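Visitor: One-letter residues, chain by chain:
Number of protein chains: 2
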Amino acid sequence: MASRRVPRYLERLTPVNEAIQIVTSRVKPVEETVEAPVWEAIGLVLAEDVRAPHDFPPRPRAAYDGYAIRSSDTPGRLRVVGEATIGKVDVKYRVEPGTAVYVSTGAYLPDGADTVIPEEAVRREGDYIVVEKEFPAGKNFDPVGAYVRKGQVLLPRGYVVTMLDVAGLLDVAVTRVKVYRPISVGIIATGTELFEPVDPAEAEQRILRGEVAETTAKLIEWAIDRYTPWTVVEERILLPDNVDTIAWYLTRQMRHLDLVILTGGTGPSDVDPFYQLAEMLDGEVLFRGLFVKGGRPTSAMILPGGPLVLALSGHPVSALHGFIRLVYPVLKHMGNVVRGVEPPLPAIAELAGDIRAKRPQPVKVKLYLEDGKLYAEPLPLERQHSSVTVSNCEADGLAIVENRQYQRGERVPVMIYREPGRKEGEKREEA
Amino acid sequence: MASRRVPRYLERLTPVNEAIQIVTSRVKPVEETVEAPVWEAIGLVLAEDVRAPHDFPPRPRAAYDGYAIRSSDTPGRLRVVGEATIGKVDVKYRVEPGTAVYVSTGAYLPDGADTVIPEEAVRREGDYIVVEKEFPAGKNFDPVGAYVRKGQVLLPRGYVVTMLDVAGLLDVAVTRVKVYRPISVGIIATGTELFEPVDPAEAEQRILRGEVAETTAKLIEWAIDRYTPWTVVEERILLPDNVDTIAWYLTRQMRHLDLVILTGGTGPSDVDPFYQLAEMLDGEVLFRGLFVKGGRPTSAMILPGGPLVLALSGHPVSALHGFIRLVYPVLKHMGNVVRGVEPPLPAIAELAGDIRAKRPQPVKVKLYLEDGKLYAEPLPLERQHSSVTVSNCEADGLAIVENRQYQRGERVPVMIYREPGRKEGEKREEA
Chain A
1 MASRRVPRYL ERLTPVNEAI QIVTSRVKPV EETVEAPVWE AIGLVLAEDV
51 RAPHDFPPRP RAAYDGYAIR SSDTPGRLRV VGEATIGKVD VKYRVEPGTA
101 VYVSTGAYLP DGADTVIPEE AVRREGDYIV VEKEFPAGKN FDPVGAYVRK
151 GQVLLPRGYV VTMLDVAGLL DVAVTRVKVY RPISVGIIAT GTELFEPVDP
201 AEAEQRILRG EVAETTAKLI EWAIDRYTPW TVVEERILLP DNVDTIAWYL
251 TRQMRHLDLV ILTGGTGPSD VDPFYQLAEM LDGEVLFRGL FVKGGRPTSA
301 MILPGGPLVL ALSGHPVSAL HGFIRLVYPV LKHMGNVVRG VEPPLPAIAE
351 LAGDIRAKRP QPVKVKLYLE DGKLYAEPLP LERQHSSVTV SNCEADGLAI
401 VENRQYQRGE RVPVMIYREP GRKEGEKREE A
Chain B
1 MASRRVPRYL ERLTPVNEAI QIVTSRVKPV EETVEAPVWE AIGLVLAEDV
51 RAPHDFPPRP RAAYDGYAIR SSDTPGRLRV VGEATIGKVD VKYRVEPGTA
101 VYVSTGAYLP DGADTVIPEE AVRREGDYIV VEKEFPAGKN FDPVGAYVRK
151 GQVLLPRGYV VTMLDVAGLL DVAVTRVKVY RPISVGIIAT GTELFEPVDP
201 AEAEQRILRG EVAETTAKLI EWAIDRYTPW TVVEERILLP DNVDTIAWYL
251 TRQMRHLDLV ILTGGTGPSD VDPFYQLAEM LDGEVLFRGL FVKGGRPTSA
301 MILPGGPLVL ALSGHPVSAL HGFIRLVYPV LKHMGNVVRG VEPPLPAIAE
351 LAGDIRAKRP QPVKVKLYLE DGKLYAEPLP LERQHSSVTV SNCEADGLAI
401 VENRQYQRGE RVPVMIYREP GRKEGEKREE A
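Respectively, the protein sequence lines represent chains A and B. So for the first sequence, full-length UniProt numbering puts the first residue at 1; every next one is plus one. So for the second sequence, full-length UniProt numbering puts the first residue at 1; every next one is plus one.
Don't read these hints as lab results, they were simulated from the structure. Given the structure is predicted, the values throughout are model-derived calculations rather than measurements. Cβ atoms here follow ideal geometry from the backbone N, Cα and C, with glycine treated the same way. Treat the hints with care, as some may be off.
[Unchecked claim] Just so you have them, the derived chain B footprint on chain A, three or more residues with Cβ under 8 Å:
no., segment
1, 295-302
2, 341-347
3, 368-374
[To be verified] Straight-line Cα separation of at most 16 Å, EDC-like style, residue types lysine to aspartate or glutamate; simulated pairs:
no., chain 1, residue 1, chain 2, residue 2
4, A, K373, B, E350
5, B, K178, B, E35
6, B, K150, A, E204
7, A, K150, B, E350
8, B, K373, A, E350
Go ahead and model the full structure; you've got the sequences and the hints to work with.
Guide: The following block contains the structure:
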């Protein structure tokens with residue numbers, strides 16, 4: 001029951017920023033929140049500011065292995081009445097005049113003590129320590145609230161919790177956080193030519209006969225796991241170029257998801273399901289065709305009462321480029337993310353060759369370090385074509401460039417998938 | 001049964017490069033190899049060069065949606081006798097004079113055709129296409145061997161297989177690779193004060209009482225999973241500061257592993273198990289104490305007939321620094337890695353403040369992007385102390401610096417754990 005007419009051919013390609021703007025203005029960020037132990041919140045997005053529930057440390061804490069004493073007893077000979085190591089909690093010792101308690105780094109100071117004298121600064125004689133000089137109060141311990149003050153904001157809303165944050169929060173007794181529920185994603189690889197390889201010998205024969213081992217959707221799943229951990233890929237499947245089947249899957253099996261990513265279009269043609277799906281399912285097309293190289297299949301629609309659907313190229317690197325340019329910012333928006341984790345483009349490299357780009361595009365590059373600088377050397381043009389997927393093996397990363405000419409020496413953001421080589425090291429390897 | 005005398009106190013701290021040299025000269029890289037389907041080899045290390053087993057494509061392949069024809073028939077009116085789309089394998093059509101076969105991108109050309117004319121360049125009239133002009137041979141298809149030649153090295157020995165390599169190799173029918181077996185690792189967090197948090201409310205009370213929720217070993221496990229995927233963490237456990245127990249665990253439960261990482265030393269003291277373990281187990285101490293900030297507990301020994309043991313600090317960030325400086329290069333060596341995946345220090349940032357470092361050390365930094373440049377602004381000195389783990393939440397990454405003074409504007413390698421902010425964006429967030 002076709003209710004919307006969607007033109008078969010593209011009228012224009014949509015610039016990236018405009019596409020992001022269109023999609024994010026029509027798709028609402030997730031609202032549901034859950035309370036989670038911090039150690040289960042890694043990768044999730046904070047739904048409110050995390051505030052310190054206590055001054056920390058709640059009691060003065062030894063910053064050094066040594067003896068908790070009263071400074072007024074120094075110089076002097078003090079009797080060691082016990083020890084308060086960090087493993088032993090609820091120590092009942094009190095530092096009375098003329099006595100000392102051994103403390104290890106991180107242990108709470110026993111009552112009565114006003115300073116910690118380092119182990120190396122005293123002479124031990126049986127149950128006694130000898131302090132030769134006067135030793136001031138207030139040394140070698142962290143006072144109450146030294147690390148955080150009650151009510152202080154430790155992490156703002158919209159930040160993604162990292163493993164290092166967990167270490168920081170648990171250290172000051174923050175054990176619970178409020179996070180948004182993860183964004184749910186389904187990925188459908190479309191293409192009658194595709195198969196999921198199982199047996200290597202059989203897979204080899206099938207590829208030689210012209211079938212295609214599916215890798216594009218797998219690559220997108222990998223990118224989501226790596227760069228948008230607030231997102232869960234609930235399902236990844238392969239379907240043939242049968243629009244009825246894809247429509248059935250979208251509406252019956254994936255309606256409850258937040259986002260479905262289709263991979264496999266190569267551009268508007270009889271086998272491109274996007275415009276047919278939009279008509280069949282009364283989808284609201286947000287844009288069709290992104291103004292990037294290989295971006296003709298990149299499109300977006302919202303299904304009535306269902307998920308956002310983003311279509312990406314069937315070529316692995318073009319799809320990954322679509323992920324970096326479009327899916328990543330859209331998933332940040334959907335997840336309420338202000339600051340994510342290490343992003344897809346962590347580094348800037350200096351070009352070791354020229355690039356002429358008619359559209360924004362990924363350029364396969366070799367990466368190398370020299371004198372602490374990262375260089376990106378584009379593969380030759382004939383190895384850049386999207387059909388030559390095997391040239392991924394020659395490259396170490398993707399330079400992400402805009403539609404203009406670049407000169408050797410200019411700086412470009414890079415996605416790194418292989419450790420950069422060393423200029424000299426490379427030569428040694430080859431020798 | 002003490003058989004080696006190991007001095008209790010450190011005589012000197014070992015510089016990083018010397019420590020790496022000592023360890024790698026005494027520990028043999030893994031030798032066992034396995035053959036694996038390429039899609040199961042992601043993260044593993046190639047044990048031999050991967051060579052193309054075939055010319056690819058093995059037959060000419062359409063590079064465009066269009067019609068496979070004989071150029072000598074143009075200009076002319078040609079009868080379309082069938083189609084060879086990429087999903088349909090073993091097409092039996094032959095392009096006889098006066099005929100054409102519809103081909104989609106990636107489909108093998110039917111015999112008889114010598115060129116592909118794009119869909120848009122012809123006029124379709126029922127079962128016929130009309131080609132107005134002469135059309136040369138050899139257009140719009142990739143000839144045999146266009147992507148790779150039989151025998152060509154696609155990936156060298158010692159490279160770690162990435163998801164993008166898998167896409168590249170499967171595209172040219174390479175379905176099997178020979179890889180080294182993964183390095184097996186155990187992690188023991190030592191410390192009587194430690195506990196594994198389970199219930200958030202209970203954990204909060206225990207931390208306030210002075211117990212410590214274990215995060216250091218977890219952080220090292222995270223780093224191994226992320227940066228050295230050729231390594232498998234077989235087990236991570238907590239043990240109290242009981243040398244007999246740690247010795248028993250090392251020799252009875254972890255003897256079969258390649259590497260055991262101990263976390264939890266804070267420096268030579270009564271509760272530092274390293275030197276006692278070396279004596280008890282007749283371990284060959286390779287070095288004790290690394291010349292980096294917080295590096296006194298960082299040590300290495302080889303157990304007789306057992307694993308390499310690396311000890312790291314109990315402080316999360318100091319241990320992570322030990323991972324970056326020492327464990328990472330040692331694991332590259334043990335795994336025969338020439339080129340790994342995206343490394344712990346992918347980027348170089350420009351310092352937005354001075355640093356004075358007496359030893360090589362990690363410096364917690366805020367990261368921000370401005371005009372396509374990455375800046376690192378060190379946290380104030382009092383937030384850098386290893387006891388203030390909570391300042392992880394204020395930082396976005398770690399600058400890894402050497403023992404010297406750095407001026408604002410100098411460039412340093414950074415480990416990024418949070419997406420850098422934008423200078424203007426930050427202001428907007430705060431407003």
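Visitor: Determine which of the earlier numbered hints do not hold for this structure and return their numbers in increasing order.
Guide: Of the numbered hints, 1, 7 do not hold.
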